[in-house]
Amino acid sequence: MQPDFVRIASVIEPDASQRALVADLAKLCDGRATAAPQDRIAYARDLWPKATYFAGLGKVPRPPDAICWPADEAQLGKLVAYARERHIPLIPYGAGSGVCGGAIALTGGVTVDLKRMDKLLEVDRAALRFTCQAGIIGENLERELATHGLSLGHFPSSIYCSTLGGWLAARSAGQCSTKYGKIEDMCASLTAVLGTGEIVKVGGRPARGADLAQLLIGSEGTLGFITQASLYAVPAPAELVYRAVRFRTLESGAEAIRRILRDGLRPAVVRLYDPFDTVIAGKGGKPHFEATDSQHRDSIQVIQERAPLAARLAIRAALGRPAALNHIADLLRECLLVLVFEGDGELASAEDEQALILCRELGGVDLGASPARHWMEQRYAVSYKQSKMFAAGAFADTMEVAATWDRVLPVYRAVRKAVAPLGFIMAHLSHAYVEGCSLYFTFSATAASPEACAERYDALWREALGAAMGAGATVSHHHGIGFWKAARLHEELGSAGVHALQALKRTCDPDGILNPGKLGLGAEAA
Amino acid sequence: MAQARPSTAEFNAFLAPDEFRERGEEVELTPASAGRLALGLRWANSRGRKAHVSRARFASVGQVDITSCLIRAEAEAKVSQVEAVLERSQLTLGPLSPCTRGLSVAGWLSGRRMGMRSVPGGRLESAALALEAVLWSGEVYRSHATPRSATGPDLDFALLGAGDAVGLITSAVLRGFPRPTTEDRTSIALGAAAQAAQVLRDLIGHEALPARAELSLHEGRPVLSAVFENLAFRAHRDAGRLRAVAALHGAAESKHAVPKLDEARLLREFEVAWDALPAVLELCAPAGAGLYRLARESVVVCSALELEGDGVVPLDAPPESPGWLTQMAASLRGEG
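Protein sequence lines, in the order shown, are assigned to chains A and B.
Going letter by letter, the first sequence gives residues 233 to 758 in this note's numbering.
Going letter by letter, the second sequence gives residues 173 to 508 in this note's numbering.
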């Protein structure tokens, strides 16, 4: 199911039914409701790149009929009861940073923005645990925790424009996930308003039975509104130790990561860039590399010299010759591994030392701290660079999958091969575990017309995700499903998994009013 | 006892005689595979028969995937059996309590323990990377073997710790760890047994929780013996943190050799919240207590005593089945 795109100019003042709806919502939400065209346009899309592309053409997905801002669970419960009586779809909305269309109102209805619920309610310093409302922006949460000497340890690149509720709803991963886990690993318990209107608190230990919190986490608003959660924090790290290592091949770099994890080391950050992504990563802010030997200095010079050429080639690729650019990228050989260790100084330094020994055993060359420190300084910048591509009439998107170690390189090769004729592609490995890691692909392409570009976008995703899954990857590591990957999700789950998911949906949202169409659930019911 | 096989072509084609037995209005299933179990359940469901299932034939342990540190084990294989196979590849399921080692894989995963073990960083994680199960609707459920994902709700958690509410686990892909290279055992003499809880809790913030610990009385004084398992530098560093934290609480390293507790006496296991741990340890100290699965979430206490109270959950009782899962199972069977 794809959204219908409409011209922005066609989104006009609310009609009588929308005005009546807003009047009712205002009574339920302290007057905080709207159907004004500018608001409906703003809430018509999230950061799904295809919608961003169409926005440049003056179109948005069909907007919601109204938007409202409830203040608490009680208001949400009444809102759900109201919507159930009238079969009105409700679309939970955090900060709209999702890239799979999870916050798009596919069948109209009311978008429910949870950002009024943004309070850090309780901090238990002794237990390293806190309770917070779901609508808080990630960066604000980190700042508040810092005043208590704590950190969640969760740093997604969207941290400035995503909420705690959004992280939980889509199983978010932060850049330090190798040490601290994904958001589902950090959550102790949560409170939600289900599609039945019931307010439930689930999770928590000790436990006498199943952990139902894990059934709400990742549900992308299809089962209930996550309104608050208790999470585990960590003491703010006393020290960060940076390390960058150059490998001749992606294979040797991947093996280094596997051995680092297998030996029990836990760097906070692990990122291995493929050859072209290494050029891009190295170029960003013109880092000052710490050359430690002549061989290393030569290699860095080569990387830096190639960067401008690569940038020019990327533009050419955007004009339509992706196969040639991918072929040139295949000629590059060097891969950059970025490691960041954090904690107390003794532990971080000792782990860094051990990791470097392992890397050297596999042919890695120490590049010192600067490239890794540079990455840290620029770590949120990359998400804001895509707009240049869209402005040039091209598109860019990212695909994050995950696989066990035996499948990681086959997945990498399969996806590159599948995408090469359609768009330019590069990748990095990150979010490493003892069992495997995430593969994060970035691709960009263009075509002769907007229609052709849209077709290219669909084809590229079809080929890329098909190749990844065919080689053994899961459909998503941390971006979630939305509507965009729903069909592939059902492939991965198989019929029994889909039936179990549907049964869970019927249990929590019997009328199918919550976020219809997401996870492939319930669009027909609304 | 009359034994009759259903006359349907489906059964004649797929189920062997020793896999299916009718007892009046009920049927007994002893299938040899998940697919055959699913077939038997569908047959029973279609005729409104109650099915009794034995997973006795699901007892094998597969080969170790050295690259990804994984192993597939069937439901009735013993955890100790899995551990023995992993040991040959220098891997382990982690520091497990004595009772856990004696459980079947399905018992470990579907019971209150949920297959949880503590992992580096002091948090809990399910040992199961992926599950195969037969839902009561007669469908075979298989989750994708991936380290993590963002593919909707984690449906494995409708099975983990859920008893048999939604279905029967038939096999699992389990995560292994590299076997630790160093074991550092450090004993601390305490002023009171409850102090052990405070010392251990403080270690969470230092990323220094031990793999396991024991609390016992030695010459009338409570002694905490903690075992750190890891790379040498890490094990010694964590043991040093224990000594430093203990010193802040006015306790010091015990100079005497403290005999190990007899694990065979510690037959009761409880999951205990950190807030409840001081009182639990005061109670358990005279007879001794084993502490396992130490994580920021909770601790498993092995004791010869029967414990109860807020924040104390006996792990050997059947899991409580929340209404959600009952409804979900009914919905799967088309009863919802």
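Certain hints may be false.
What the hints assert, rightly or not - Over the 10 Å line for every Cβ pair with chain A, so calculated as not near, a few chain B residues:
| # | residue |
| --- | --- |
| 1 | ASP190 |
| 2 | VAL199 |
| 3 | VAL257 |
| 4 | LEU331 |
| 5 | GLU379 |
| 6 | ASP434 |
| 7 | ALA445 |
Stated by the list, open to error - Using C-beta positions, here's what the derived DEER-type ranges look like:
| # | chain 1 | residue 1 | chain 2 | residue 2 | range |
| --- | --- | --- | --- | --- | --- |
| 8 | A | MET608 | B | LEU389 | 32 to 40 Å |
| 9 | A | ALA378 | B | ASP482 | 46 to 54 Å |
| 10 | B | ARG214 | A | ASP304 | 40 to 48 Å |
In short, the hints are calculated from the structure, not lab data.
Beta carbons: idealized from backbone N, C-alpha and C, even for Gly.
A quick look at each hint next to the structure:
Annotated as non-interface, ASP190 of chain B keeps its C-beta farther than 10 Å from every C-beta of chain A; the closest such distance is 26 Å. The beta carbon of VAL199 of chain B is kept farther than 10 Å from every beta carbon of chain A, the shortest such distance being approximately 21 Å. Every CB of chain A is more than 10 Å from the CB of VAL257 of chain B (nearest about 17 Å), matching its label as outside the interface. Look at LEU331 of chain B: its CB is around 8 Å from the nearest CB on chain A, not clear of 10 Å, so calling it non-interface is violated.
Distance check for GLU379 of chain B against chain A: the nearest CB is about 6 Å away, which does not clear 10 Å, and the non-interface claim fails. With 10 Å as the threshold on Cβ separation, the claim that ASP434 of chain B sits away from chain A holds: the shortest Cβ distance comes to roughly 25 Å. With a closest Cβ-Cβ approach of about 6 Å to chain A, ALA445 of chain B is found to fall inside the 10 Å limit, against its non-interface label. At roughly 50 Å, the beta carbons of MET608 of chain A and LEU389 of chain B sit outside the given window of 32 to 40 Å.
Separation of ALA378 of chain A from ASP482 of chain B is about 33 Å and departs from the stated range, judged on CB atoms against 46 to 54 Å. The beta-carbon spacing between ARG214 of chain B and ASP304 of chain A, approximately 46 Å, falls within the hinted interval of 40 to 48 Å.
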